[in-house]
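Chemist: Residue numbers (our numbering), protein chains in the order written: chain P, 1 to 454; chain D, 1 to 302; chain A, 1 to 279.
No lab work stands behind these hints, which were simulated from the structure alone.
For every residue, glycine included, the Cβ atom is placed at its ideal position computed from N, Cα and C.
There are no misleading hints in this set.
Which stretches of chain A does chain P cover? Using the computed rule of at least three CB atoms under 8 Å from a CB of chain P, they are:
#, segment
1, 35-48
2, 128-134
3, 219-229
Label pairs and their computed distance ranges (CB to CB):
#, chain 1, residue 1, chain 2, residue 2, range
4, P, K373, D, M147, 42 to 50 Å
5, P, A444, D, P55, 22 to 30 Å
6, A, F263, D, I21, 32 to 40 Å
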Amino acid sequence: MQRIESVRQLALSVTCAILFAGTVAGAAVAQTKVVRVWHTETDPASVKAVAEIVERFEKAHPDIKIEAEALAWGDLEPKIQAALAAGAPPELSHGQPITCTALQQQGLLLPLDDVVKAIGESNVWDQIKQVCRADGKYYGLVHAAGTSLLIYRADWAKQKGLKAPKTWSDLIANAKALTMDTNGDGKPDVYGLTIPGDNLFINILVGELIAANGGQLFDDKNKPLFIDKRMIEVLNFWKELTTALPPGWEGHGYLDTFASMYGQKAAMMFQGYGRGASLIEKYVPKEMQDTDHFDVWMKPVGPSGNKPAVQVDEEPWMLLKGSKNPEAAKEFLKFFYKDENYIEYIKSVPIHFFPITKSLRQSAAYKEIPMVKRWGGWLEVQQEALDGDLAKPTLVVKYEDLNTKPYLMQVLGSGIIRDMVLETVVEGKKPEEAAAKAQARAEALIKKAGYAKW
Amino acid sequence: MHSSHRRRTASVQTSQARLGILLLLPAMLLLAGLTLYPVLYGVWLSLHHKHSFFPQQSWAGLENYWFLLADPEFSESVWRGVVYSVSTITLQIIIGVGAALALNQYFPGRSLVRGIVLFPYVIPTVVAVILWKWLLNNQFGLINYGMVMLGLTDEPINWMGRTYIMTSLILISVWQFFPFVVLAVLARLQTIPTELYEAARVDGAGPLSRFLYVTLPQLASVLFIVVLLRTIWMFTKFDTVWLMTQGGGAEKYIRTLPVYAYLRAFHYYEAGTGAAASVVMFLLLVVFAAVYFMMFRREEQL
Amino acid sequence: MNRRSAFFLQRFSLALAIIALLLFTAFPFAWMAATAFKPSQEVFYWPPRFFPEQATLSNIARLFEETRFLDYFRNSVVVASATVLLTLALATPGAYSLTRFRFRGRETLAATILFTYMFAPIMIIIPFYVMVRYFGIANTHLALVLGYTAFSMPFALWMLRTFFQSIPLDLEEAALTDGADRGRAVLYVVLPMALPGIIATGIFTFILAWNDYIFVRILITSDELKTLPIGIADLYNSSVIDWGMIMASGMLVIVPVVIVFSFIQKFLVAGWGGGGVKG
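Just chain P, same shape as in the assembly (with noise of 0.2 Å):
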């Protein structure tokens, strides 16, 4: 009989979870504008900085309740794709430049001119401007910047005589220089240099390489430019600079890469970011958390190449069209700049995160952030970039290409570039034949998407 009653509480339970599932979808659909925003700073002290910025706005907006969420870049795209089929974009969300330009160009964004002239458009750095800009107007404000560094270990480089590398050349004699066999058992500890080689991250070197060559990706005519000399030299170099990488460094993630410099396997690190100042700081012991450790060196120039390049990681806001409450959306951006808020979310990867807003960046209290006085040349090597025009997103080598190369999206997210260099240096492949390879995928590639020119 106790069976029997149990399947009566199964039918009864089964009854009151449905009314009750029923209850909770009810009850979100409240009076308030609900704004969804979503980034990509998944850094548990920028959610939590986000989070505090979102409470002190709705208390100051009881009306508008703010969906804040955190995603990897993974995630983000097929979320967005979703929403928007949906016909039900959020209202905010952080995109690539060049997303951004692509979306902008298919008219699936909104203006943010508002939120720029609440900041004050000479408050805004002229470099932040430039990123998905079109007929005058604003359709994405990029959130805060950052550029590529290459992070090495200043202690091991004066122990060995070492110089800031001015060219490529002079960078594969430090790495080798630096692969070091501490133990003596003949095989190195320690490695000259470590590199991601996930997709994102080999498609922004090979943009930053190329750009320090002297070299573009596509023509005016969007014909791939991949069978180039500039781009063969670039792929020679990845592969010289194997002789200083660990085995296996394909497989290495970006915060693996990070996790070899704070775990004293790696001495350089091509591929670093403000970012790597906060890991230092948790991982390393106190004695070594400073900059006669951990320095920055500006990146150096390739053969046919006439001045470095560097990325810069400035994924913008943008306000998607479609989505239900944009003008509220508006209002929290404007609150999100507003100096004293700003500062939280700065704080949260302070070297990372440049602040758009010049008030920011001049007022006393940034400069009281205690990591920015600690590791203030790291600052000031990203500075020089930015204010020599070094630094471009990614895939970008001019600031028009975001403008006129749509495609740029299509081509980072197929992956075509990032084969191309494991083909050649992982597997062995001539460069020319890999290069010529991906030259017809992306021939194929932009021809599908409408593109082509030539």
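Using the hints, position chains D and A against chain P.
Modeler: Here is chains D and A on its own, set in the frame of chain P:
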């Protein structure tokens, strides 16, 4: 015997077909509503050119399919999917059957051990993958340390690099899914009449021949179904493979068919081509199932 | 070789096999637990040490302070339980019907159920999202429950069907001749006998809902509605790989599951056995 059975059951198996359909209807409606529409949408999408973000779309006919046939990446991913499925299923069956045989013996603490063996199957895939990535980590991982200590390798191996990532993926998948085989086989082992073994023993059969001639034929039916289900599940397995490549892991070398379809749809932004790839995956499985039934079904019913 | 030594050899090899099996399955969990109690600098010791030198609860503390682990946990339990209830409520009568009634297309129906598994779930997610959005239930647990129920339905129907097949019809008939109506016959005779199978099916359904990643990722936006797999994946993806905290979360995820499973493990095995899984 068959016909008398049928006559006897006629009173319960009445012609109350309406009641039967009524009882099945809710389940079928849910299934149809929530999976049929998405599947048909996928088929429709595969016949169109459609950018994943942008609204415009145009009729493509079979162009997406022709494109796939000509795409070397696609055929590579099919091949990788086959390698992955065949090797994981073979290992799952061998380890699973072996484990079930051992767990069917009596020994102290048996039910505890049975419980432990099931753990890998009940934890979220995310946890399983992260746990193994930590064990296999090439800089701080325990497995590398053990291998260096035992002299199996000179220096730590990067298990997520080109050479070993497929091996690592297979290892993790087998670890995660072999308990399913254990469950199914163990259940069947418990229903084998002990008289069969005694008869074999009287005939002088050793442990090996008892396994070959008594146990294995009894397991045929359950293995038939387990292999079928696991093939479908491994061939369409996405999360384990995809999570392997998140935060490091040479994705290029474990790009199986479901991952290829996902990349086409979400990273190349070619929703139509992605849908076409998953339709092809579906068709390949249908063909497999048909061949599989033709080859084994008859014997299994004997 | 005499009988006695043969016996010992057999026991010895059994012991070896059991130990190997335990090492393979349980050792990773042991390492997980060991890491969960290490302070962050110790996690990166090389050579690694198995036991923490200064065991700490700080990883677990941070998990509760800095993340919404408890919320995620509760959500996972709610969603997975509701999925089990709904699936069983729909699949039990369905499977019963497939074994007891004759209607046109019954056999083909059973076979086509299998087909739904052959379509990759990742391709279903977007149209599925479009649908739940249309019905206004995106970003609710209800959407997840419905999705998981649909996905576990084929397997549930199939497993329960083989189970009902094994219950002799005579018993039902006896109840019917005693004057009970069909509903009572099912309630008092068939269901109690099928209970182990129903529980086993429930467990497989639970596992599916408990493990899912991609549905939650796409369908759920509010942090307070997320389930554990997403919560843990976000910890992993966040810009600081905090191995100690991640391992602590993994450990806490499995502890309750392990407790529950050690109690119901016998039903799992029985569930498969009862039906004989003849396909």
